[in-house]
Amino acid sequence: RPARDAIEALIGVAAVVKVGWAWATWGQTQTHWAPPLAMLFVGAALALLAYQLAMVATQRRLDYERAVAAEASRAKSQFLANVSHEIRTPMNALLGIAELLAETDLTPEQRKHVEVFRSSGNSLFELINDLLDLSKIEAGRLDLHTEPLRLRALLEERITLLSPRAREKGLALRLDIADDVPAVVTGDAARLAQTLTNLLGNAIKFTPAGSVALNVTREAGDTLCFAVADTGIGIAPSKLETIFEPFTQADGSVTRAFGGTGLGLSITRSLVQLMNGSISVTSTPGSGTTFWLRLPMPAAELAQVQAASASAAAAATEERPAGAPLAVLLAEDNEVNVYLVESMLAHANCRIDVAANGQSAVDQWRRTHYDVIFMDVQMPGMDGHAATRAIRQLEAQMARPRVPIYALSAHAFASDAQASLAAGCDAHLAKPVSKATLLTALATLRPASMSAALHTTTPPPAPMGALPLPGAPALDEASALARMDGDRAMYERVLQHASVFISDWPSSQDRALAAGDAEQAQRLAHDLKSIAATIGALALADAARGLEQAFGRPPQPSPRQQAARAVVDTAIAPVILALTAVPAYRRHPRSGLAASS
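So for the sequence shown, my numbering puts the first residue at 2; every next one is plus one.
Keep in mind that the hints were calculated from the coordinates and are not lab data.
Check each hint, because a few of them may be wrong.
[Stated by the list, open to error] Result set (BS3-like, lysine-lysine): computed pairs, CA atoms no more than 30 Å apart in a straight line: (1) Lys240 x Lys113; (2) Lys170 x Lys113; (3) Lys77 x Lys240.
[To be verified] Label pairs and their computed distance ranges (CB to CB): (4) Pro381 x Gln563: 23 to 33 Å; (5) Thr59 x Leu275: 43 to 53 Å; (6) Glu343 x Leu578: 27 to 37 Å; (7) Ala564 x Leu47: 52 to 62 Å; (8) Glu336 x Ser281: 33 to 43 Å; (9) Ala325 x Ala574: 43 to 53 Å; (10) Ser74 x Asp177: 23 to 33 Å; (11) Val18 x Leu47: 16 to 26 Å.
The beta carbon of each residue, even a glycine, is placed where N, CA and C say it ideally should be.
Kindly generate the complete structure, drawing on both the sequences and the hints.
Laid out in C-alpha cells, this is it:
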C-alpha cells in the first residue's frame, strides 16, 4: 500500500534524523547522514516496486479467474441448451401421440387421462422453451428483429389468447389503451408478445378472484408504459427484488400452491433490458400487484406495414397460379432420407427434384425456378452451407428473387442453427424432420386458401395398432411413427430401405477406413446416425453420433474411433436382427409387404 509505505518511510526518516542528532550532540562528533537516508529511500522504492509487481500478479490472477468463470458460464449455457434440445425430440413425439389419441374414440376416463397427458406435456414443453431462452440470453445469442407492428392488434391477440384461462378462474381480463398511443410502432413483435404473455399469465395464475388489467399509456418521447395490474395475492416488500432472479419465487409456499420454476420473470427482465427498456413492480400483500414495463417504441407509418404485407403476399403468389404445385429442390445425398422426404410430401401438391450434393443443387437452381429448397448441411464435396452461400451470391449477381432455403441437419444445437442462418438459410430444421414440420414450411409459401388445401389433402394418420417385432427394444417404433404422423405404411417402406443401408454399413465403413478415406467414413457415420434416428433405433443413433464426433474436424484417424466403432458394432447387431425379421412378422393389411419365409 503506497500511502502506508510512504508514511512509514517518513517516520523512519524522522527517527534516523532524531537518533543521529542525539548521537551527534552527545558525542560531539560529525554524523554521516547520507548512507542511512539513501537506504531509506532505496527501501521505499523497493517497496513501491514490490507493490507494482504484486498488483500485476493480482491482476493476472483476477483475469484468469474471470476467464475461468466466463468459460464455466459458457459451458453451463451450452450444456443447458444441449440437454434442452435432446429433451425436445422425445417431447415432440409424446405430444404428437397424445394429439393423435385425442382424435380417436375414447371413453370419458381415457379422454381425461389423455388430457392430463397433454396438459402435463405442454407444461414441460413450456419449461424447456424457457430453459432454452435463458441459455440463449446468458450466452448472448438472443437477437432482436425490429420492424413496424400494429400495437393494438398485438395486444388484443394477447388478451384473446389468455381469456380462456381467465374465464376458468372467473376473472375479468381488460385492455385499456390511451388515445395518444400510436397505432403503429417500431419494435420486436415476438419479444413484446412473449414479455406481455409472461406478465399477464403470472397475473392470472396468482389472482384467485377479481380482475387483471393491461393498461397502455404514452410517456415522454417515444416511451410506452405497459402496466399489468391484478387483484391477486400480492408480494411481500422484502421479496420484490428477488422475484426477478432465475429459479426464484416469492417463497416456497408459492411454488407448492401455484407451481412454476420462477424462470418467467427472469426471462422477462432480460428481454426488457435487451429492448433497452425497464421493468419495475409495486405490490401490496393481499391486495394485488402491478408490473410497470417501459419500452422505447417510436411511432411508425402504417404504409410500412402495408407495404411489407403486400410484398410478402406478392412473393407468395408470384408466378404461381392457384392450385399449381410447388417446385421443391431437395439437396440430400442419402437415398433413405430422400425417400423419406418424398414420402412425407407425397400428398402435398409438390414437384420434387433431387440433388445429390451442393454443387448439383447450385447447378439445378441455375437452370430451374424453385419455390423452396431443402438443403442438407453435410454432403460430399460442396456442403449445404457453401451451396447456400453460392446461391445467395448468384441471386445478387443475377437479380433473381430470393428463394427460401431450409437447412436440414442432424445437429440441433444453437450454434448449428446460427451457422445455418449465417450461411444464408431462412431456417434450420433438425433431423429427424417430422412430416408436420415439412408441411408447415411449405404452408408459409402459399396463400391461405392453398395452405388450407395443403393440409386437407394430406391423408389422416393410420391407426397405430401394436405389431409384434422381435428385437423391439432396438427400435422405438412409437417415436418414429410420431414423426411420420402415424403413417405406418410409410414407416414400413422406410424400414425396407433402411434395412439395406444398415445391413451393408459395417462393410462400407471398413472399406472406407481401409482406403484411408476418413471423410467418407465420417459421412457414413453421419448417415447412420440420421437413418437410425428416423426408424427409431435411438441407441444406434447415439452410438453413431459418438463415432461421427470421434473423427473430429477435419476428419482424421484417432484412438477414440476404435472404442466408438465398438459401441456402434454392439448397437447395430440387434437393429440388423430386427430389420431382417420385419418381413416375416409384419403381416398387416395396411403394410403392403409380402411375408417371406
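For this session: Hint says 27 to 37 Å; check whether the CB-CB distance for Glu343 and Leu578 agrees.
Result: Roughly 28 Å apart at Cβ, these two residues keep to the hinted range, so it holds.
Exercise. Do the alpha carbons of Lys170 and Lys113 lie within 30 Å of each other, as the hint requires?
Worked result: holds (20 Å)
Exercise. Is the gap between the beta carbons of Glu336 and Ser281 within 33 to 43 Å?
Worked result: violated (59 Å)
Exercise. Given the hint that Lys240 pairs with Lys113, does the C-alpha gap stay at or below 30 Å?
Worked result: Violated - the C-alpha atoms of Lys113 and Lys240 are around 38 Å apart, more than 30 Å.
For this session: Given the range 23 to 33 Å, decide if the beta-carbon distance of Ser74 to Asp177 lies inside it.
Result: 41 Å Cβ-Cβ, so the 23 to 33 Å window is violated.
Problem set entry | Outcome of range test on Cβ distance (Val18, Leu47; 16 to 26 Å) | Because 21 Å falls inside the window, the suggested range holds.
Exercise. Holds or violated: Lys77 with Lys240, Cα cutoff 30 Å?
Worked result: Judged against 30 Å, a Cα distance of about 27 Å means the pair holds.
Exercise. Has the hinted range 23 to 33 Å been met by the Cβ atoms of Pro381 and Gln563?
Worked result: holds (24 Å)
Exercise. Is the hinted range of 43 to 53 Å satisfied by the C-beta distance from Thr59 to Leu275?
Worked result: About 34 Å separates the Cβ atoms of Thr59 and Leu275, which means 43 to 53 Å is violated.
For this session: Could you say whether the range 52 to 62 Å given as a hint is met by the Cβ separation of Ala564 and Leu47?
Result: Taking Cβ atoms as reference, Ala564 and Leu47 lie about 58 Å apart, which means the hint holds.
For this session: Can you let me know if the beta-carbon spacing of Ala325 and Ala574 is within 43 to 53 Å?
Result: holds (49 Å)
Hints 1, 5, 8, 10, counting from the list given before, are not met by this structure.
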